[in-house]
Amino acid sequence: MSIITVSHLGKDYRQIRRIDGRFGAVRTLFTRQSMTRTAVDDISFSIEPGEAVGYIGPNGAGKSTTIKMLTGILVPTRGAVEVLGVEPHRHRRRNASRIGVVFGQRSQLWWDLPVIESFELHRHVYDIPPERYRAMRDRCTELLGLGDLLQSPVRQLSLGQRMRCELAMALLHQPEILFLDEPTIGLDIEAKDRIRDFLRTVNREQGTTIILTTHDLADIEEICPRIIVINRGGLIYDGAIQSLKAQLGSQRQVTIDFEDDPGPITISQATLLSDQGRRKTFAVERSVESTLAVLSSIASSHPVQDVSFAEPAIEDVIRTLYAGLGKAVPESDELDRWSRGRVVTQ
Amino acid sequence: MTPALFWHHVRLRLRERMEYRGAFLLGLLAQGIGYAAEIAVIWLLLHRFEAIAGWMWPEIALLYSLSVLTYAIGAAFTYSPMTELEQMVQRGTLETVLVKPTDPFWTLIGQRFNVGYLSHLLLAGTVMTWAIATAPIDWTPASVGLLVATVASGSMIQAAVLTLIGTWAFRFTRSWTLFAINGQASRFIRFPIGIFGIIPQILLTLVIPLAFATYYPAAILISEDGQLFPGWIGWLTPVVGPVFMWVAYRTWTRGIDRYQGAGG
Amino acid sequence: MVARPGGDAVRPIRTFLAFLGTSFRKNLAYRSEVWLSILFGLLAIVIQAAIWRALLGDGAAEGITVDDMVTYVIITTVISAVSLHRLVSDVDERLRGGDIAVDLVKPMHYPTLQLADQLGRSAFQLAFVVVPMVVIAALTFGIEAPASATAGAAFVASLAIALLVSFTQGLLLALLAFWFLTTFHFIWANGALLTLFGGANLPLWFFPDALETVARLLPYQFVAFVPAAIWLGEIAGSELAWTLALGVMWVAIQGAAGQALWSAAVHRLTVQGG
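Residue numbers (this note's numbering), protein chains in the order written: chain F, 1 to 346; chain G, 1001 to 1264; chain V, 2001 to 2274.
These are calculated hints, taken from the structure and not from any lab test. C-beta atoms are modelled at their ideal positions from N, C-alpha and C, and glycine is treated no differently. Possibly wrong hints are sitting among the right ones.
As the list claims (entries may be wrong) - Counterexamples of contact, computed for chain V against chain G with all Cβ distances above 10 Å:
{"hint": "1", "residue": "2033"}
{"hint": "2", "residue": "2120"}
{"hint": "3", "residue": "2142"}
{"hint": "4", "residue": "2164"}
{"hint": "5", "residue": "2189"}
{"hint": "6", "residue": "2191"}
{"hint": "7", "residue": "2263"}
Claimed, not checked - So the derived list for chain G, only partly shown, Cβ under 7 Å to chain V, looks like this:
{"hint": "8", "residue": "1031"}
{"hint": "9", "residue": "1052"}
{"hint": "10", "residue": "1130"}
{"hint": "11", "residue": "1184"}
{"hint": "12", "residue": "1195"}
{"hint": "13", "residue": "1199"}
{"hint": "14", "residue": "1251"}
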């Protein structure tokens, strides 16, 4: 039984158009034209209890709109949504008591008061029994290392500290589904790691279903085995990250350390990505045969000290995915791609 | 949302304001001076001309104090949530209210309850005490009841007007001018309504029934008339507030529905 | 660097006008709400006119008739629509949002920049709000012409004084925000003085003598009472010259104080880093 079912979901926005041009000022005074913009179109997927799903796409792809429909904030224009057996917008409050929502850019804590005050209020708003509240609060405090932070006014917290508190609060009522809208935006590496660890633990230990939107694909790689990719309001991929990589990540990166600088090397099956003298990096076709062919042809002419491989980074895979669909994707040259990829791959 | 939960919100709000105690108190003082200046101008006017349409200074003072008192109580509930609504719609912070399992109207009011109207209350309370002691009022159980009901009901009318203006933000945003216009409209009800033309009287009685917060009940208390509508409608005051508040609440809720439908 | 026609003397003026024009166009974004602003002004006129009709009836007080007062009310409403006090809330907002840094790095005297900005807003108000409002008010309630050609000319001068007095006052209040990080209290306190001594709701000639003497020395009268009284010919002759001179003096005093406070504020920002 799916915990979330979305079928042929669509959402149009009505916008008031301002009239430009010479007498636009006067004309806007008297008329109001509206136009319709489709933000989400014909999206279908379902999510099982306990899954962790990354929901990604470029800016304006319709991620937030989908999340808003799943949380009952927006009413769909077309299609159907079912969350925990009910339509969220029709039973917004019932739905709200069973889900947790964290907005990366909108705080739900009381800015000038100690964090614990917001937690206490949350307890009353969600009507959590005192023992369950205390148990959950202490568990989150421990896992997220909140400790003394709970007694500090929110305004004194760093962004990372605040986000940890937001997360803890969203889980106090033990929601069955946790929605996270860009939870790691603007955070430093350490804060991101902490939050990712926590989300993995929550997903594994409590079986909380996680739906996460982000622009940092490392979030996805570390938390979500499954991704749903949308672009321009439509679904373009739904499945495991690994199989997406296998499908689209057709090249792997081979770094070779030579005993001496061999000078410029040209090999037909490989592209030279970076040349640091003794260390050279090539892009090679993914198949074992081509990798071996490249290695043996190099090793035959120059003594090799060490060889290392790197899998394609998720960024590259996703970019290939967008590009393959002929959609606009930010340009970047080959070297830049790989160098950024290296940060992510192990 | 239960009253206890609402009160919990208000308490947090109060503690939040107390974090900036100095600024808060200075704010009260500054607003107090502002209203004192307004009273002074009306007093100077009456000092020079003695009466407006037969209403002497204590009677005008009663109108003024009722207007400020009901506004202060009503606005404590709905002013901040409704003026900030526009920004909340634009920035998307309204969504944090909509993911809560509570009524969005009461959540918003609780979260943004404004405790900054203390100087209004003090000032209006003082002026009103003096006015009802000085004005020729025949104190009977009915008139006492009417006065008490007027404060309660009038506050609801004022809160409702602000709520209706806030609802505007869902559709058109930029509700600021409307709040300013409401400030202007409040000045109508500080004077005997009969001095205004027929249209303002109809509007303030039937459309935006602000006149029930001050003039109609006051006219009964001091046995004056001179308005378009019969004097007995002042006895409707206890009903007008709750009904109008209910209408405003329903309109606001429909605004939320529309927002959820159109997506801002 | 190539010298452009017009030279350096004209350039600041051109920049000033450019900022003024930008501000005007920026305000065009609010055009869909102008009818609300017109309504706002008309309500003020309706209320005041009704009060004076009730007070004066067909008679007169101190030689002032209802028609005089209706004209008086229309003019004070016009002035409050175009006055430049709004500067305070704008600066307050930019200071708290941190946008003030952008203003400070512009190669222009910040107060002058603000003057251009506020004048642009006033020009917008004049074109879209004041003109329709006055037309409607004049058709509904009637408006008297200036008492004489001199009164008309002096009114224009007093209008300029009104703009500058309100601007320098707004500037002073805005600059206080650099120290107190809020202007809320000052806006209210200043508003109280304006309500009482400006004369918009109660002309100074109806004040008790002692209070009138005080009000006639303060700058607040220039943002409401003085222009209207000049229009009606109630301030004329040597009193007119003296009043205008006092107005100019207040502009100078407030302007100098504003400039001094501005220099101190810049010093504070650059030395202490905000």
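To see whether the hints hold, each was checked on the structure:
Some Cβ of chain G comes within 10 Å of the Cβ of residue 2033 of chain V; the nearest lies about 5 Å off, and the non-interface call is violated. Taking the minimum C-beta to C-beta distance to chain G, about 19 Å, the non-interface status of residue 2120 of chain V holds against the 10 Å cut. With a closest Cβ-Cβ approach of about 15 Å to chain G, residue 2142 of chain V is found to remain outside the 10 Å limit, as its non-interface label requires. The beta carbon of residue 2164 of chain V sits about 24 Å from the closest Cβ of chain G, which is more than 10 Å, so the claim that it is off the interface holds.
For residue 2189 of chain V, the requirement that its beta carbon stay farther than 10 Å from each beta carbon of chain G is not met, with the minimum near 5 Å. Under the 10 Å C-beta cut-off, the non-interface status given to residue 2191 of chain V relative to chain G is violated; the minimum distance is some 6 Å. Non-interface status of residue 2263 of chain V relative to chain G is upheld: no Cβ of that chain comes within 10 Å, the nearest being about 26 Å off. Given hint, residue 1031 of chain G at the interface with chain V, holds; its Cβ is 6 Å from that chain's nearest Cβ, closer than 7 Å.
Contact between residue 1052 of chain G and chain V, as hinted, is supported at the beta carbon level, the nearest pair being about 5 Å apart and thus within 7 Å. Because the closest C-beta pair between residue 1130 of chain G and chain V is about 20 Å apart, greater than 7 Å, the hint is violated. For the restraint placing residue 1184 of chain G at the interface with chain V, the shortest Cβ-Cβ distance is roughly 4 Å, inside the 7 Å limit, so the hint holds. Hint on residue 1195 of chain G holds. Least Cβ distance to chain V is approximately 4 Å, under the 7 Å limit.
Using the Cβ-Cβ criterion of 7 Å, the hint placing residue 1199 of chain G at the interface with chain V is not satisfied: the shortest such distance is roughly 9 Å. Taking 7 Å as the C-beta contact cut-off toward chain V, the hint placing residue 1251 of chain G at the interface is violated, the least distance being around 19 Å.
Figure legend: structure checked against the earlier numbered hints; hints not met, in rising order: 1, 5, 6, 10, 13 and 14.
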